[in-house]
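Participant: According to the numbering used here, numbering within the sequence shown proceeds without interruption in unit steps and concludes at 483.
Hints may be right or wrong, so weigh each one.
Ranges of calculated distance between the beta carbons of each label pair, as one might list FRET restraints [claimed, not checked]:
no., residue 1, residue 2, range
1, 189, 27, 12 to 22 Å
2, 241, 456, 48 to 58 Å
3, 173, 318, 47 to 57 Å
4, 327, 209, 23 to 33 Å
5, 311, 27, 27 to 37 Å
These aren't lab readings, by the way, just hints derived from the structure by calculation. No residue lacks a Cβ here, since even glycine has one placed at the ideal position from N, Cα and C.
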Amino acid sequence: MKVALIFPTYAHKIFTENLSTVDEEFCVAPPIILAYVAAILEKHGHAVMLLDAKALTLSKEEALKRFVAFEPDILGFRAETYYFHEALDWIRYLKAHLGVPVIAGGINLTLYPLEVLSHPEIDYGIIGEAFESLPRFLSALENGDDYSRLSGVAYKDDENKVVINPPEHKVYDFDLYPYPARHLLPNDKYYSFVSQRKNFTIMLTSTGCPYGCLFCAIPFSYRVRTPENVVDEIEVCYQDFGVREIDFFDAVLFMPRERIREIFRLIQRRKLDIEWSARSRIDVVDEQLLKEAARAGCRQIYYGIESADQQILDSVKKGIQPKAVIETIKISKKFGIRTMGFFMVGNPGETKESVRKTIEFSKTLGLDFIQVSRTIPKPGTELDNAMMKVSMRDYWRMHVQGEEIAHRLPTPWVNLTEQEKESLAKEFYIKFYFRPRIIAQRILQLRSWEEFIRYIRVALKIIFQKSELSLRRTGSEIKNYE
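With the hints as constraints, model all of the structure from the sequences given.
Facilitator: Given below as structure tokens:
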């Protein structure tokens, strides 16, 4: 079959935890999950077109022209909860003009399969991992075979009733996955706000996370790839795509310890001149590991710090202490590794005073960058369950269904309004970045006029942009838009 996969140009993220400036400017990364899906389909003999409309800044009309030339048999997309209605708008338009069935996948299908398939634009859904279920389904569809009992498939029967076949609860060896189909992507369009080299991409060496932070929507299940498999992909990126900088998108890269040390050794043994960044917990790295990471090309680590208040850290089950943060950042800097701190505003027990305490703490650490998120009850998390228990409403399910809902989710665990959280997040950014040391550091590290313009644009947006609460569409507006 000829399969077209679309990553739309999203203009609006409902219930976003970030300031819109951060979502817009921080990173343009390849849609790595869709690239995995494309590779799986190519491995099974399908012709695939993967269109990253976001990176190419394509309109629906421009995307349609490319799909018309490809002549697909089916159109696929990821039904991400936050962007669901915008994605639906794209799918509605493309399906009307292409006249082909639509299949959806992603976490939204796992959480809300009935609600997703209730939309007339969506014909089929893949629940859970697509590794085996998607090729099986497409083979059955292409050959006219019965797919009514295939595991992990949702569809509509002859009476237009949604049928949901639960997925098999198999744990697939991550090494069996083909490498993402980067040859289908506009690799020259990708960058990170903090990247240092051209030819940037992202990678995954693991999925899930073995920790259980209260606010996090990353699955608790944890799988890793072997060192050889990881470094083989790095070498393919280096040789075939000219990649010189990689951002590892693992929730926590530096685990298990001996696995990551072997990855470091293989990178050096194969003489791969790459720089890379990664996300980590404060408590999984130490001086020896950071020293080895720096030798293997590590130039930046994003640390989840969240707060300087121990009670708040305990309330979200973070399992770290502020004094450990100080030591880990200090050691990272010792080996020339730049650091970014992830912070949050609005966790259980948060107050204006605790946020300002965290702001002052961040300024003492010697961090190069920060990112500040407002705590929201993400789908399927403990905070989501707490919100439903108090409000007696499942807001995310309602959102997927298309019901009218307010754009502000209840956060009963904190006595801060959305306006106050937004204001505190802006205050955090301004007090951290608008300091002489940080400004001088940014100027000295400039690599292009374009980068300078981007810094200025971000600064002006943070300072002067009107309240985002008044700029976002509400659920009512989304429904009318449909």
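Participant: None of the hints should be skipped; say for each whether it holds.
Facilitator: The hints, checked one at a time:
1. At about 19 Å, the beta-carbon gap between residue 189 and residue 27 stays in the expected band of 12 to 22 Å.
2. Against the hinted window of 48 to 58 Å, the Cβ-Cβ separation of residue 241 and residue 456 comes to about 32 Å, which falls outside the hint.
3. Restraint check, residue 173 to residue 318: a C-beta distance of roughly 28 Å breaks the suggested window 47 to 57 Å.
4. Under the hint 23 to 33 Å, the C-beta atoms of residue 327 and residue 209, about 29 Å apart, fit the expected range.
5. Checked against the given bound of 27 to 37 Å, the beta carbons of residue 311 and residue 27, roughly 29 Å apart, stay inside it.
In summary, the numbered hints that this structure violates are 2 and 3.
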